[in-house]
Amino acid sequence: MSIASGLRPKSPTERLLAGNSWLVFAFFYAPIVLLIFFSFNDNNNVGIWTEPSLRWYGEMFRNDEVMRALRNSLVIAAISTVVSTILGTATALALERFRFRGQRVYDGLVYLPIIIPDVTMAVMMLLFFAQSFRLMEGLFGFAPEFGVGTISLSHIAFNISFVAVVVRARLGQLDPSLEEAAADLYADRWQTFRRVTLPLILPGVAGGALLALTLSLDDVVVTSFVSGPGATTLPVYVFGLVRRGVTPLINAVSTVMLVASMLLVGASLVLQRNPKSNDSE
Amino acid sequence: MSIDVRDTQTEVHLEAAAEKAASRRGFLLALPSWLYLILFFAVPLVIVFVYSFASRSSTGLTRLERWNLESYRRLFDSLVAEIAFRSLVLAIATTVICLIVSYPFAYYIATRRPLVRNVLLVLVMIPFWSNFLVRTYAWRVILGTDGPVSQLSQAFGGEPIRLLFTVPAVLIGLVYGFLPFMVLPLYAALERMDWSLVEAARDLYADGWTAFRKVTWPLSRPGVVAGSILVFIPALGAYVTPAILGGAKTTLLGDYIVSQFLAARNQPFGSALSMAVMAVMLAAVIVYFRSGARNL
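Protein chains in written order, with the numbering used here: chain R, -6 to 274; chain E, 266 to 561.
In case anyone wonders, no lab produced these hints; they're calculated from the structure. All values reported here derive from a predicted model rather than from experimental measurement. One thing to keep in mind: the hints can contain errors.
Listed below are several chain E residues computed to face chain R (Cβ distance under 10 Å; list not exhaustive) [stated by the list, open to error]:
1. L302
2. I303
3. L310
4. L344
5. Y372
6. T376
7. P392
8. I407
9. G502
10. A508
11. M540
12. V542
13. V552
Estimated spans, in silico, between C-beta atoms of each pair [said to hold, decoys possible]:
14. A420(E) to P45(R): 51 to 59 Å
15. W42(R) to R339(E): 46 to 54 Å
16. L67(R) to V387(E): 23 to 31 Å
17. F341(E) to P169(R): 22 to 30 Å
Even for Gly, the Cβ is constructed at its ideal location relative to N, Cα and C.
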């Protein structure tokens, strides 16, 4: 509602601000647009435009390694999203709605995975799995391998916290008297949760789940440390390719990943269009 | 029914029991993720901490028997100090550039009509949610020898520009990657600001600049702090950006740590480096909470 009164329309300051904004938008989008544009280029060389074609998309679908990595990515993202959404929501409820012993320590522990740098998290997971697999080898004579399992476990470890923070923000905005009213009307705890709390926090839960999904689909650093020789994810596979050089195939895969991200943004925006959440802000 | 006869003793007991039951329920609700985070986060953290005091055998194996501070002493070697200094300078430069670019940008968005504002905000959210690796890769295409920047320069009769694998390339990548992290908190702070205070300042004959300096800027400071921390922390530990856009001479802390585990096979030293980076981050976060910006 509030337009900066200090700025009359079309003042020089205003023009400078507008100019800066369009430059920033160009900076944001030019690389993305260029990448998508060149993914439709029928040439072995990325920078030289010859003619439009879907050649590299065909190549992508025929590439077994890309398809295997894609499948792994989707499986891991699905597992880690479901598990971390359930655990993260429970965490948010426990922290926001209850007082219990050890809560403050727990509160700190939940925030740490968000703050900790990717690289440190990656090192932690690598040493942990290496150490515990060595231990299992000694105890049982066999140990699991690095792969989909280790990647999923690591993704859940950082996703719980992100889901918890998002859901907690939603719970914090909630009017506790609604839950009290349900209890006053003889709803038991489970009914109160099912009929009142859950529907109200659902946009937050869905937002947290989408964030977890995105983080899992995008992660490179942690995943590259805990992936095995036979099992890697799409971003880690692409990362390996990129380090060796630029190819049009990477452009095609990247475009697919970009489109997937944008679909997720769209989904999260639709979820946030809940009129309730607009009012409270 | 003796409602009137209130047995306070029983009431107190009941209340205490109810409280205890609620406390138990909260604990049970938190228990699964509590256990998960202890096993898959706290224990790994302790392992890295322990490893940072271990020593490395000549074959690259980690020996846990003799604890020592050798890895921490190496943090002060000139090579490490150089890498740490470069990382710090790049992280600060990234933060400052992001702030200078984002502030007027966020200000512009926050002062639009609500409809325009929402559209512009969506346009900021899209790159924010897009795959970081892919966005960084795009700059590798742009800055490469046969990329558009170089081609443009050649078209005008210039030399082919080789920005890729240099420090400026890494800086561009970092700014591009983390810019949305600065824009969003700044926008949040400016959008919820009480603009009537700026009007009041203008009514009291403050010129535009004074009103900004004395009112808008102090009120938006929580956003500035939050955005700076959100950019500084990942920029300091960045691994993907230097790995894709940097070269041998632009090693940053992130890829240096990774190389200790994958190439050099010096796990104790890599662990000590990780702990050091984490200490810096925690310090930054404490600054963040102290500054009262936690509501953003």
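Comparing the hints with the structure gives:
Below 10 Å, beta-carbon pairs count as interface contacts, and L302(E) has one with chain R at about 6 Å; its hint therefore holds. With a cut of 10 Å, the hint placing I303(E) at the interface with chain R holds, because the nearest CB-to-CB distance is about 8 Å. Taking 10 Å as the C-beta cut-off, the interface hint given for L310(E) holds, the closest approach to chain R being about 6 Å. With a cut of 10 Å, the hint placing L344(E) at the interface with chain R is violated, because the nearest CB-to-CB distance is about 18 Å.
Restraint check, Y372(E) versus chain R: the minimum CB separation of about 7 Å is within 10 Å; hint holds. Taken as an interface hint, T376(E) checks out: its beta carbon lies about 4 Å from the nearest beta carbon of chain R, inside 10 Å. Against a cut-off of 10 Å between C-beta atoms, the interface hint on P392(E) holds, since the closest Cβ of chain R lies about 5 Å away. With 10 Å as the threshold, the beta carbon of I407(E) comes within range of chain R, its nearest partner Cβ sitting at about 6 Å, so the hint holds.
Here the hint on G502(E) is kept, as its CB sits about 3 Å from the closest CB of chain R, short of 10 Å. Interface restraint check: A508(E) against chain R, minimum CB-CB distance 6 Å, threshold 10 Å, status holds. Because the closest C-beta pair between M540(E) and chain R is about 8 Å apart, less than 10 Å, the hint holds. Proximity of V542(E) to chain R holds as hinted, the smallest CB-CB distance being about 6 Å (cut-off 10 Å).
Because the smallest distance between the Cβ of V552(E) and any Cβ of chain R comes to about 12 Å, over 10 Å, the interface hint for this residue is violated. At roughly 22 Å, the beta carbons of A420(E) and P45(R) sit outside the given window of 51 to 59 Å. For the pair W42(R) and R339(E), the supplied restraint of 46 to 54 Å holds, since their beta-carbon distance comes to about 50 Å. Distance hint check: the CB atoms of L67(R) and V387(E) are about 26 Å apart, consistent with the given range 23 to 31 Å.
About 53 Å separates the C-beta atoms of F341(E) and P169(R), a value inconsistent with the hinted range of 22 to 30 Å.
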